[in-house]
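Visitor: Here is what each chain is made of, one letter per residue.
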Amino acid sequence: MTTPAHPTPGGDAGPGARPSPPHDPQAALSVRGLWKRFGQKIAVSGVDLDVPTGSFYGLVGPNGAGKTTMLSMATGLLRPDFGSAHVRGVDLWARPDEAKAMLGILPDGVRLFDRLTGRQLLTYAGMLRGMDKATVVERTADLLQAFDLTADADTFVVDYSAGMTKKIALGCAMIHAPRTLVLDEPFEAVDPVSAANIRDILKGYVAGGGTVIVSSHVMDLVQRMCDHVAVMAGGHVLAAGTVDEVRGEQSLEDRFVDLVGGRQHSEGLSWLRGS
Amino acid sequence: MVARFLSLKLTLMVNTFRKSVWQTIGLILAVLYALGTVGLLVSGVLALAFLQDPAWAGLAVTLGGTLLVVGWWLIPIFAFGVDATLDPHRFTTFAIPRRTLITGLAVAGLISVPGLATVLLALGTSFAWVLQPGVLLVALVGAVLGVATCVVGSRAITTVLAPVLESRRYREVVMIVALVLVVGIGPMISWLTTGIDPGATSGVLQTLAERAAGVLGWTPFGAAWSLGSTAYAGDWLGLLGRLVVALATLAVAWLVWDRALARALVQPPVGNAGGGRAKGLGAFGLVRFSPTWGVAARTATYWLRDPRYSGSIAIVPLLPVIIYFSSQSTGSFFMLLATGPFVAWILGFSISNDIGYDYTAFALHVASGVRGSSDRWGRALPMLLVGPLVAAAIVVGTVWVADSWHLLLPLLGMALGLLLVSTAVSSAVSARLVYPVAKPGESPLKSPQGAAVATIVAQGVGFVITLGLSLPVLGVGIAAVVLGGPLWGIGTLVAGVLYGALMLYLGIRVGARTYDRRLPELLQQVQSFP
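Going down the list, the protein sequences come from chains A and B.
Under full-length UniProt numbering, think of the first position of the first sequence as 1, with each following residue one higher.
Under full-length UniProt numbering, think of the first position of the second sequence as 1, with each following residue one higher.
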């Protein structure tokens, strides 16, 4: 079954319109009626979404669809204009400390404290989470090993390549062993070998009962990796469910293009074809 | 093609205004300031020419022009990245002939406030010889050559040095040196000028200037600028020689730029491999494992490793030295003795925009749900550990130099009190007012466009509150200095520390509450920095 391409319940009308269904207390992440406006542009308009516990959830959408804004509001990085976010039944914006402790976040487009070495940055992330020294030291070593960064553990993060930076940021999101990982574009600039390693790590994490939410442009990756998917465009969720539900008979990419639109079937750029 | 570069540069400029009103206001202020300065200098030179002697105006033009060229050539080395709107690398993919590219970039280089100011200044001062049309013509040619030398030389130097300038290590060293130079240059000049015998007649000064101009007129820096005055003096052979020097300078600069650009276009910038390393956990290994001490260790690490901080730190030990030299000319030790409390106040103030310095890396604090009290205490702790030692060392040092040991205790009391109060105000205000600063990795001299007003507001508010809350400490301290006696001294010390500690407690409490309430808004603020 596919959710209709347009309004998700309670989503499309403005704030104060039809009430959304209550939060799913079992969900790893459950958001209702999220709205955010930046100046004239409405980035996210009335998003409802439930991410089942133990799922590997893909969030796809074209550039400017509101994915990052939505994830920021769902994880406490950005205060929504309206709406709420619950993490396993805990209201994030009412009890942020409790909710954030269950979340590991890889935000997109933010810098790191890059004058620290990789080891120091992971340690710092662990300390900020209030972990004890023995655990932090042990997990730091494990994470460096898992992300193949041991050789660069003592190099300043500012001198890392883009892919290494992404990996160390991912490590920072994982060090406190959160029950839910929210990863915004985790595979951007990561080389194929590292990406495969990260996928294995994430699969193992989901198999152990964790929940992963990734946003991505790469449909193929989402189709292979995720069991659930939500398609966002123009600040709305156009479809959400298991990957098979959403894509139906088509490939995810074709279904995505159908939903989002914008494909051009013209004979454009004829002059580019040479003579 | 050249016209296209010009319009590109203008479009880029206009578009930055569309982005923000403050940038527009900032540019208008910069233009007004530049126009005022140019007007003042031009009218000064013209007045010198008509009321005194055109030869004097010639001296001023030669010496001033030399300074201008030196400025154009050297400042970009220190304040690199200040204007990268037309970075040649951006044109690599377009098949533009190099000659056109260079001409376009050179002309476009004039489309900026300093560029236009230089043109106006050069042309305006040439009219010192308006009464001798022949000389005026020569002077105008000299002005054009001089401006060209400024722009082409500046571009040649930055392009040649680009591979070096792009290495992070070099940048960091240069940033610190530049910051120290900028801070030190004013006092140094005033110290140097006081060294000149005040009894020296203007005649002596004039000969000195004449001799300097005579020499500089033959150097690449001053040749173009001295053409007018040489023609006025009727030294035709000298004029020819200087013209050759000026043209040769321009030709060499052009050639160097051309070669460097040719190399730069086929060798795109690469991040320097290798990079710095630091063993182990550093400061993180030395502290208790808690969010508060984590923030403290990170803050301390950044003070040492981020040039935006370490530059300011490098200035602190220089301040007493600078003030010592400037106070020598007056013979009074008042300024010197005030250094200790002053530095203490500055130290506390230096953490007043920590979140702005973090930039978007602050997201880690937001994502981790760091509590306000942990963040505030963590950022203040390194200051509270190191600041008193630094302040005390400076107080003891200055008291020793001034041989005023009876002032030791009051000064110490004031210094500690001010340190605590300004740290307290910083902790409270910085959770509310965040303003854009140079981003991580940028030159600390580069303050972001359009940030001036926000900076002034935030710093002004912090300054006024600190001043108001410091009055009790200052009052007791000044009373102690005036009335004298050890009891007053001990009183100041005790009062300063106790009152300061109370303020610190309250300041951090207020700051922590504000922080907890505004955590996502703080992140949004740093994310919206231009």
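Since the hints were derived computationally from the structure, they do not count as laboratory data.
Wrong hints could be hidden among the right ones.
Claimed, not checked - Here are the simulated lysine-lysine pairs, DSSO-like style, with alpha carbons at most 30 Å apart:
1. A:K133 - A:K41
2. B:K279 - B:K439
3. B:K439 - A:K41
4. B:K279 - A:K133
No experiment lies behind these values; they were computed from the predicted model shown.
Visitor: Confirm or reject each hint.
Guide: Do the hints match the structure? See the list:
no., hint, in the structure
1, A:K133 - A:K41, "violated, 45 Å"
2, B:K279 - B:K439, "holds, 26 Å"
3, B:K439 - A:K41, "holds, 27 Å"
4, B:K279 - A:K133, "holds, 18 Å"
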